[in-house]
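Student: Chains as they are written, first to last, in this note's numbering: chain A, 201 to 350; chain B, -6 to 68.
Label-pair restraints from in silico Cβ distances:
(1) Arg27/B to Ile223/A: 26 to 32 Å
(2) Arg344/A to Arg27/B: 15 to 21 Å
(3) Leu342/A to Asp55/B: 43 to 49 Å
(4) Arg239/A to Glu37/B: 54 to 60 Å
(5) Leu328/A to Pro(-4)/B: 29 to 35 Å
(6) Asp55/B to Arg217/A: 47 to 53 Å
These are calculated hints, taken from the structure and not from any lab test.
Model, not experiment: these values are computed from the prediction.
Backbone N, C-alpha and C fix where the C-beta goes; we use that ideal spot for every residue, glycine too.
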Amino acid sequence: MSNARVFASEPERMTTRAQLYLIATGAANLTLAVFLFFRPGDFTSTSYDSIKLVASLPVWGVGLALVGLVCLAGAILKREGLARLGAALAALAAGSWAFGFVAAAFIGSLMGPSGPVSWTLLTIFHLLQCRSPLRLPLEPILRRLAANRR
Amino acid sequence: MSPGEISSFVVGFGSVLVGLLTVYFNRKGQVEQRRDALAAAELERQERENERLKADNAELRDLRALIEKYAPKGE
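The shape of chain A in the complex, shown without the other chains (with noise of 0.2 Å):
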């Protein structure tokens, strides 16, 4: 069965994964941004020095509370245009955040590899899902697989 087909018998919505995707970012985003905004003192590694020094760290707070309510909202309202909003914000949050680590790096104030490659990781992550914000990567494989067997 081709991909057209799966889809043709389903209408565009939003999957349940999808949706947990939105909200764990969501969340990921927001609970950062708490911690960022009221307790900064509490990142006292070096490797955040290149963060700090592009914007304090309450205004990245600020930053990544916005993309994690435009995720929120799109996983609540299960609007597509949200959904992309959230996911391409995520990505840019979190791509700025490893291009951080990368830079401190170069400053040799980098602590470890751990916060490049998993922020690399999550960027890379969020950008497929910018793809299809609707439903994960895998899910239209799955899908075409269960249909396969029917």
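Since chain A is already given, all that's left is putting chain B on it; use the hints.
Tutor: Just chain B, lined up with the frame of chain A:
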């Protein structure tokens, strides 16, 4: 270059790069979505056409059976 300048440059460059990638993936996704929708619509049209042809075929078979039934024998 001071650490602040290096940081601003790298983060700025990275943000622009990721921004361009988000635009690319968004556009790619939208194009794929539109293509899938068009393919699905074409498939639906073909299926309808198929059903119509099947119905025509059945009607023709019935007509042929009637002709064979009432055709004069031995000719």
